[in-house]
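With these hints in hand, go ahead and build the complete structure from the sequences.
Protein chains in written order, with our numbering: chain U, 23 to 359; chain A, 44 to 277.
Incorrect hints may have been included.
So the derived label-pair ranges between C-beta atoms look like this [what the hints assert, rightly or not]:
1. GLY122(A) with ALA305(U): 29 to 37 Å
2. PRO33(U) with GLU127(A): 47 to 55 Å
3. GLY173(U) with LYS88(A): 56 to 64 Å
4. LYS153(U) with TYR229(A): 51 to 59 Å
5. ALA126(U) with GLN206(A): 40 to 48 Å
6. PRO33(U) with ILE267(A): 25 to 33 Å
7. GLY273(A) with PRO33(U): 54 to 62 Å
8. ILE180(A) with ASN70(U): 32 to 40 Å
Straight-line alpha carbon distances no greater than 20 Å define the calculated SDA-like cross-link-like pairs of lysine to any residue that follow [unchecked claim]:
9. LYS220(A) with MET44(A)
10. LYS44(U) with LYS172(A)
11. LYS88(A) with ASP95(U)
12. LYS172(A) with ASP137(A)
13. LYS172(A) with MET44(A)
14. LYS88(A) with GLY103(U)
15. LYS88(A) with PRO101(U)
16. LYS258(A) with ILE42(U)
To give an idea of the interface, some chain U residues facing chain A are shown, with a C-beta separation under 10 Å as derived from the structure [claimed, not checked]:
17. ILE24
18. ILE42
19. VAL93
20. VAL94
These are computed hints drawn from the structure, not numbers from a lab. Note that beta-carbon positions come from the ideal geometry of N, C-alpha and C, so glycine has one too.
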Amino acid sequence: MIKEVIRLVKPGLFLPMFAIEKPAEDAVLVRPRYLSICAADQRYFQGNRPPKVLEKKLPISLFHEAVGEIVVDPLHQFPEGSFCILLPGGVDAQVKASNYAIGAFFRSSNRDGFCQEVLAMDRSELIPITKTPVWPYVFTELMSVCVQAYGRLTEIRKVTEKTSFGVLGDGSMGYMMAQTLRIIFPKAQISVFGKHDEKLLNFSFCTHRVNIQDTSHVAEIDVFFECVGGNAAQNAIQMAVQKINPTGTIILMGVSEVPPVVPTRLILEKGLTLIGSSRSVRADFEMAKSFIDRDEIKNSLQKIVSAHTSFQTASELGDIFTRDKNLPYKTILYKNF
Amino acid sequence: MIYAVLLAAGSGSRMKTSSIPKQFLEIRGEPILRLAVDKFLCCPKIQKIVVVAPSIWMSHTKDLLSNPRYKNIDVCQGGQTRQESLYNAVKYIDDTYQASDADIVVSHDVARPFISLRVIEENIKALEKYDAADTVIPATDTIVVSEDNVVISSIPDRKKMYQGQTPQSFRLKSYLKIYAKLDRSYLENVTDAARILSENGQTVGLVQGDVFNIKITTEYDFHIASFLLGELHD
Numbered sequence: 023m024i025k026e027v028i029r030l031v032k033p034g035l036f037l038p039m040f041a042i043e044k045p046a047e048d049a050v051l052v053r054p055r056y057l058s059i060c061a062a063d064q065r066y067f068q069g070n071r072p073p074k075v076l077e078k079k080l081p082i083s084l085f086h087e088a089v090g091e092i093v094v095d096p097l098h099q100f101p102e103g104s105f106c107i108l109l110p111g112g113v114d115a116q117v118k119a120s121n122y123a124i125g126a127f128f129r130s131s132n133r134d135g136f137c138q139e140v141l142a143m144d145r146s147e148l149i150p151i152t153k154t155p156v157w158p159y160v161f162t163e164l165m166s167v168c169v170q171a172y173g174r175l176t177e178i179r180k181v182t183e184k185t186s187f188g189v190l191g192d193g194s195m196g197y198m199m200a201q202t203l204r205i206i207f208p209k210a211q212i213s214v215f216g217k218h219d220e221k222l223l224n225f226s227f228c229t230h231r232v233n234i235q236d237t238s239h240v241a242e243i244d245v246f247f248e249c250v251g252g253n254a255a256q257n258a259i260q261m262a263v264q265k266i267n268p269t270g271t272i273i274l275m276g277v278s279e280v281p282p283v284v285p286t287r288l289i290l291e292k293g294l295t296l297i298g299s300s301r302s303v304r305a306d307f308e309m310a311k312s313f314i315d316r317d318e319i320k321n322s323l324q325k326i327v328s329a330h331t332s333f334q335t336a337s338e339l340g341d342i343f344t345r346d347k348n349l350p351y352k353t354i355l356y357k358n359f
Numbered sequence: 044m045i046y047a048v049l050l051a052a053g054s055g056s057r058m059k060t061s062s063i064p065k066q067f068l069e070i071r072g073e074p075i076l077r078l079a080v081d082k083f084l085c086c087p088k089i090q091k092i093v094v095v096a097p098s099i100w101m102s103h104t105k106d107l108l109s110n111p112r113y114k115n116i117d118v119c120q121g122g123q124t125r126q127e128s129l130y131n132a133v134k135y136i137d138d139t140y141q142a143s144d145a146d147i148v149v150s151h152d153v154a155r156p157f158i159s160l161r162v163i164e165e166n167i168k169a170l171e172k173y174d175a176a177d178t179v180i181p182a183t184d185t186i187v188v189s190e191d192n193v194v195i196s197s198i199p200d201r202k203k204m205y206q207g208q209t210p211q212s213f214r215l216k217s218y219l220k221i222y223a224k225l226d227r228s229y230l231e232n233v234t235d236a237a238r239i240l241s242e243n244g245q246t247v248g249l250v251q252g253d254v255f256n257i258k259i260t261t262e263y264d265f266h267i268a269s270f271l272l273g274e275l276h277d
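Dropping the structure here:
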């Protein structure tokens with residue numbers, strides 16, 4: 023079967039391309055429907071990756087956050103017309119270690135993403151959605167990364183309701199991380215740090231909302247989750263190192279193209295542990311989905327959506343990316359091709 | 044029921060360099076016929092597919108569709124013209140499956156393997172509103188009419204001009220009723236189901252096609268299709 027794949031061919035330019043899909047006998051044919059733009063997708067679109075990286079990776083189909091509609095399942099496990107969360111890590115991404123292997127399969131990074139008319143997937147790459155509306159589950163990937171970050175933390179230290187958590191970043195990732203912590207620890211102290219008062223208002227479930235202009239009254243923090251990335255990551259990491267309690271843990275989750283300067287003296291003085299965590303496997307997705315299944319979580323996700331839109335063509339997709347870069351939160355797209 | 048009739052009965056006479064009809068040529072190891080059939084298999088709304096093949100290529104067509112995943116596909120014999128092949132397939136469906144007034148046929152040329160799921164779905168949806176549907180794209184070139192093939196007779200307003208593609212979709216019983224009343228000379232001059240239907244009282248709605256939904260007719264088209272699918276030739 024010939025399928026259309028919209029690929030980014032150079033920064034700022036999407037083009038329709040075509041590929042032949044030869045499904046395995048028991049493969050499930052899925053039509054990606056709901057997509058959301060991740061900062062990583064936007065970095066490719068804006069050309070904010072080193073030229074050598076762009077040369078190696080483009081053309082590529084973007085999007086690794088997706089919900090798909092089942093078209094055909096030869097084994098009839100998934101009903102036609104039902105929806106599934108699509109896992110971007112391929113069939114190998116079932117266990118944690120596989121995620122961080124060199125060259126690990128990941129859509130919209132080293133494999134085509136979900137901006138495809140239809141694709142054949144292994145059933146291990148699908149998690150069925152049983153509730154409506156369907157679009158909030160496009161956030162499952164983002165929340166699964168938060169679930170894994172929390173899991174990585176628990177591998178090295180004990181955390182309880184008495185642990186004091188700090189979340190750096192008032193964007194979508196910070197919101198999902200703070201929500202994940204609140205679900206796991208309904209009574210723990212969770213402080214969110216951001217620079218936008220309006221965005222901080224969304225974190226009503228957090229104990230403290232701190233504008234980084236004034237951190238003089240910050241409570242003691244045992245564990246920081248850095249959800250900032252980009253050029254602002256350096257300041258965030260420096261602040262975390264300064265404010266965190268001795269022997270604390272900082273989980274780095276934001277991507278920075280320019281390597282941030284890390285204050286090693288203070289890290290050594292305080293005996294801190296730094297963890298890098300940015301991916302997720304099936305178990306993380308399943309837990310994240312169980313969180314989003316909760317009505318209060320699912321309904322609240324609209325708070326971190328700046329735009330709902332749909333597209334059919336490559337040029338429409340380019341326009342959406344151009345608009346998205348100036349929006350505070352996520353753009354959710356319905357793919358109509 | 045919604046049936047797909049996939050027309051693969053052409054002789055491929057416009058592809059001068061090949062003795063094999065174009066629908067059986069391969070791109071990246073896949074016959075064009077199968078590329079088109081596979082797309083229709085991805086449409087859960089289509090409950091039955093009938094492939095129309097030339098008589099001497101019937102067994103070849105069946106061989107290509109012998110994999111178990113093509114189990115729900117019938118192959119029927121084409122006619123002398125495209126119109127006759129379509130009629131044969133529709134008649135075959137009516138005779139074999141006792142069609143009802145509500146049954147729909149989505150007819151498509153297998154020489155257009157780049158057909159999108161969206162266009163197929165919009166054809167089906169268009170029949171909720173219209174008697175029939177035709178897939179078109181706006182004409183980008185100026186259309187020139189010449190009655191004598193020597194000088195220009197007229198140049199119609201391009202904004203009103205469209206290029207026809209397939210699928211063309213219609214109600215099975217209505218098509219058969221109209222077809223039965225048509226005389227042979229009329230049918231010999233008309234290759235297109237949408238024209239028959241629109242000239243015989245049916246309202247034919249337009250479905251937005253796709254510029255990539257090309258018809259592989261000539262060597263040029265074959266090269267373009269191969270290029271689009273990444274099969275580059277030095």
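Here is what the structure says about each hint:
Between GLY122(A) and ALA305(U) the CB atoms are about 58 Å apart, so this pair departs from the stated range of 29 to 37 Å. Hint check: PRO33(U) to GLU127(A), Cβ distance near 53 Å, so the stated range 47 to 55 Å holds. Between GLY173(U) and LYS88(A) the beta carbons are some 42 Å apart, a value that contradicts the proposed interval 56 to 64 Å. One distance hint, 51 to 59 Å for the beta-carbon pair LYS153(U) and TYR229(A), holds here, with the actual separation near 56 Å.
Taken as a hint, the range 40 to 48 Å holds for the pair ALA126(U) and GLN206(A), whose Cβ atoms sit roughly 46 Å apart. In this structure, PRO33(U) and ILE267(A) meet the distance hint of 25 to 33 Å, their C-beta atoms being roughly 27 Å apart. In this structure, GLY273(A) and PRO33(U) break the distance hint of 54 to 62 Å, their C-beta atoms being roughly 22 Å apart. The beta-carbon spacing between ILE180(A) and ASN70(U), approximately 36 Å, falls within the hinted interval of 32 to 40 Å.
Annotation: proposed proximity of LYS220(A) to MET44(A) holds, straight-line Cα distance about 18 Å (limit 20 Å). For the proposed pair LYS44(U) and LYS172(A), the alpha carbon gap of about 35 Å is over 20 Å, so the pair is violated. Taking the CA atoms of LYS88(A) and ASP95(U), the gap is near 14 Å; set against the 20 Å cutoff, the hint holds. Restraint check for LYS172(A) and ASP137(A): not satisfied, since their Cα atoms lie roughly 23 Å apart, outside the 20 Å limit.
With a CA separation close to 17 Å, the supplied pair LYS172(A) and MET44(A) stays within the 20 Å bound. With a C-alpha separation of about 10 Å, the suggested pair LYS88(A) and GLY103(U) falls inside the 20 Å cut-off, and the hint holds. Using a Cα cut-off of 20 Å, the hinted pair LYS88(A) and PRO101(U) holds, with the two alpha carbons roughly 13 Å apart. Of the supplied pair hints, the one linking LYS258(A) and ILE42(U) holds, its CA atoms being roughly 17 Å apart against a limit of 20 Å.
Restraint check, ILE24(U) versus chain A: the minimum CB separation of about 5 Å is within 10 Å; hint holds. The criterion of a C-beta within 10 Å of any C-beta in chain A is met by ILE42(U), whose closest approach is roughly 5 Å, and the hint holds. Among the interface hints, the one on VAL93(U) holds; its C-beta lies about 5 Å from the nearest C-beta in chain A, closer than the 10 Å criterion. The interface hint given for VAL94(U) is met, as the beta carbon of that residue sits about 6 Å from the closest beta carbon of chain A, less than 10 Å.
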